[in-house]
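S.K.: Next come the chains, spelled out residue by residue.
Protein chains: 2
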Amino acid sequence: MIKKEKYSAAILVIGDEILSGRTQDTNSNYIAKELEMMGITTSEIRVIPDKKNIIINSVNELRNKNNYLFTTGGIGPTHDDITADSVAEAFGVDLEVNSEAYDILKKYYKSIGSEFNEVRQRMARIPKGATLIENPISAAPGFKINNVFVFAGIPKIMKSMLDNSLGFLNKGNLIHTITVKVDAVEGDIAPVLKSLNDENENIKIGSYPFFNSEKDFGVNVVIKSLDKEFLTLTEEKFKIYLSKNSFNYN
Amino acid sequence: MIKKEKYSAAILVIGDEILSGRTQDTNSNYIAKELEMMGITTSEIRVIPDKKNIIINSVNELRNKNNYLFTTGGIGPTHDDITADSVAEAFGVDLEVNSEAYDILKKYYKSIGSEFNEVRQRMARIPKGATLIENPISAAPGFKINNVFVFAGIPKIMKSMLDNSLGFLNKGNLIHTITVKVDAVEGDIAPVLKSLNDENENIKIGSYPFFNSEKDFGVNVVIKSLDKEFLTLTEEKFKIYLSKNSFNYN
Chain S
1 MIKKEKYSAA ILVIGDEILS GRTQDTNSNY IAKELEMMGI TTSEIRVIPD
51 KKNIIINSVN ELRNKNNYLF TTGGIGPTHD DITADSVAEA FGVDLEVNSE
101 AYDILKKYYK SIGSEFNEVR QRMARIPKGA TLIENPISAA PGFKINNVFV
151 FAGIPKIMKS MLDNSLGFLN KGNLIHTITV KVDAVEGDIA PVLKSLNDEN
201 ENIKIGSYPF FNSEKDFGVN VVIKSLDKEF LTLTEEKFKI YLSKNSFNYN
Chain Z
1 MIKKEKYSAA ILVIGDEILS GRTQDTNSNY IAKELEMMGI TTSEIRVIPD
51 KKNIIINSVN ELRNKNNYLF TTGGIGPTHD DITADSVAEA FGVDLEVNSE
101 AYDILKKYYK SIGSEFNEVR QRMARIPKGA TLIENPISAA PGFKINNVFV
151 FAGIPKIMKS MLDNSLGFLN KGNLIHTITV KVDAVEGDIA PVLKSLNDEN
201 ENIKIGSYPF FNSEKDFGVN VVIKSLDKEF LTLTEEKFKI YLSKNSFNYN
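In the order they appear, the protein sequences are chains S and Z. If you use the numbering used here, the first sequence corresponds to residues 1 to 250, in order. If you use the numbering used here, the second sequence corresponds to residues 1 to 250, in order.
Derived by calculation from the structure, the hints in this document are not laboratory data. Remember, predicted model here, so these are calculated numbers, not experimental data. Some hints could be false.
No distinction is drawn between identical chains; accordingly, a pair holds when it is met within one copy or between any pair of copies.
Unchecked claim - The list that follows gives simulated cross-link-like pairs (lysine-lysine, BS3-like), each with its CA atoms no further than 27 Å apart: (1) Lys244 x Lys144; (2) Lys215 x Lys159; (3) Lys159 x Lys106; (4) Lys244 x Lys6; (5) Lys52 x Lys6; (6) Lys239 x Lys156; (7) Lys33 x Lys128; (8) Lys144 x Lys239; (9) Lys244 x Lys171; (10) Lys51 x Lys65.
Using the sequences and the hints given, assemble the complete structure.
M.R.: Okay, here's the thing in structure tokens:
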């Protein structure tokens, strides 16, 4: 029997541009996939506007309910970038000019021949007690405070910040997954899926129908387990059922 | 002065496959865009797992905080499709076999030569008092109960259900939007954005930097207002500033 070390995370996407539909969020999908590979379960993804009280309440709710919270967006230099202010307030700590961040930014703007003006200096303001997360692309750092990781919203920068944060995370037990693509409509295989799913609590089966055209449709059946051996057994059982009942699969 | 009729909506995406990163959710972006065009503001998007108590709590929280709630996912025939059950429980009403839905499904499965078996009959179970929303693709209907709209998760089906729901929605005042793409780094234009934004509460400015490569970067400045005339005035003011300060834009 595998000891189940379970770690959970929430992802908080901050930005009016996602809620208006102007921007398709892809950050949460990227983070969720990376976490899944580390055995960390994403319990919730929430998209909220650039409003201070909403950010504060969401940060406090989600960091208390999960082992980790990842936020994206709102750490740039403009008036609507209020994530750092809000996270500091959520933790009840001061937002202060972080000398390390200040030096990184000063050096960066000098190197690209731009002025390190007042609005850019805003990006050196970091909640007291936080650890900086490096941004190799445009210098302005993210940060980690307690179990909360604060990342930029630009996907390229967010990805590098996540890479630079993985070392802080505990790995859970890996969830093993196999996918069987079945030429069937969902209703035809629902009974066998239910019976396999109910057979053992160590297994979880999801079924995801796709419907590309009248001729190209089917169901992706995803079987997950912490126990690789048991997963293989269930897969075999399922495929025997499919063959017996004349369903094609791959 | 424009009378501000404000309508708000939340979107609840139900499905383990989104949280594991297996599937990139695009439904919420599609719904948010459609709502924006109707003058309805999306206040929150939330992605949650296929767990009954979480669905119930989220439905009740979000339907009470917003004029409308849209859910996607979890209304198929398999064991993990528990959205209808959960929504009924959230409203404290029975989940009953809806005779209209039953007839639609029976007819559909007859027409495609498939058996209308027990698991497919599950899809005729609809909360008491709900209104069906037509599904022209695979027959199994969505439904509307009070201010909650329950849609399928498959994008093609979800879109047709949304189309069939628009007639139920009140239109808010349209938000007018213009976007100016500026060849600048965000920190250079942050001060003027702040001053334009603070000038009048009838305007909202967002700035969205993009960074495709060392040579292709800039900022999309999005200016929004309920007042079209005022929007045009602000746009002109901004462009005069950009020209004076030698920023290219389009």
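S.K.: Hint by hint, say whether it matches the structure.
M.R.: A quick look at each hint next to the structure:
1. Lys244 x Lys144: So lysine 244 and lysine 144 fail the 27 Å test inside a copy (54 Å) and across (40 Å) alike.
2. Lys215 x Lys159: Between copies only: 20 Å across, 38 Å inside.
3. Lys159 x Lys106: For lysine 159 and lysine 106, the Cα distance is within 27 Å only inside one copy (23 Å; across copies 49 Å).
4. Lys244 x Lys6: neither (37 Å within a copy, 58 Å between copies)
5. Lys52 x Lys6: between (31 Å within a copy, 20 Å between copies)
6. Lys239 x Lys156: So lysine 239 and lysine 156 fail the 27 Å test inside a copy (41 Å) and across (29 Å) alike.
7. Lys33 x Lys128: neither (31 Å within a copy, 38 Å between copies)
8. Lys144 x Lys239: Classified as neither; 46 Å inside a copy, 38 Å across copies.
9. Lys244 x Lys171: Neither. Shortest intra-copy (40 Å) and inter-copy (54 Å) distances fail the 27 Å Cα cut-off.
10. Lys51 x Lys65: So lysine 51 and lysine 65 pass the 27 Å test inside a copy (21 Å) and across (16 Å) alike.
Comparing the model with each earlier hint shows violations of hints 1, 4, 6, 7, 8, 9; every other hint is respected.
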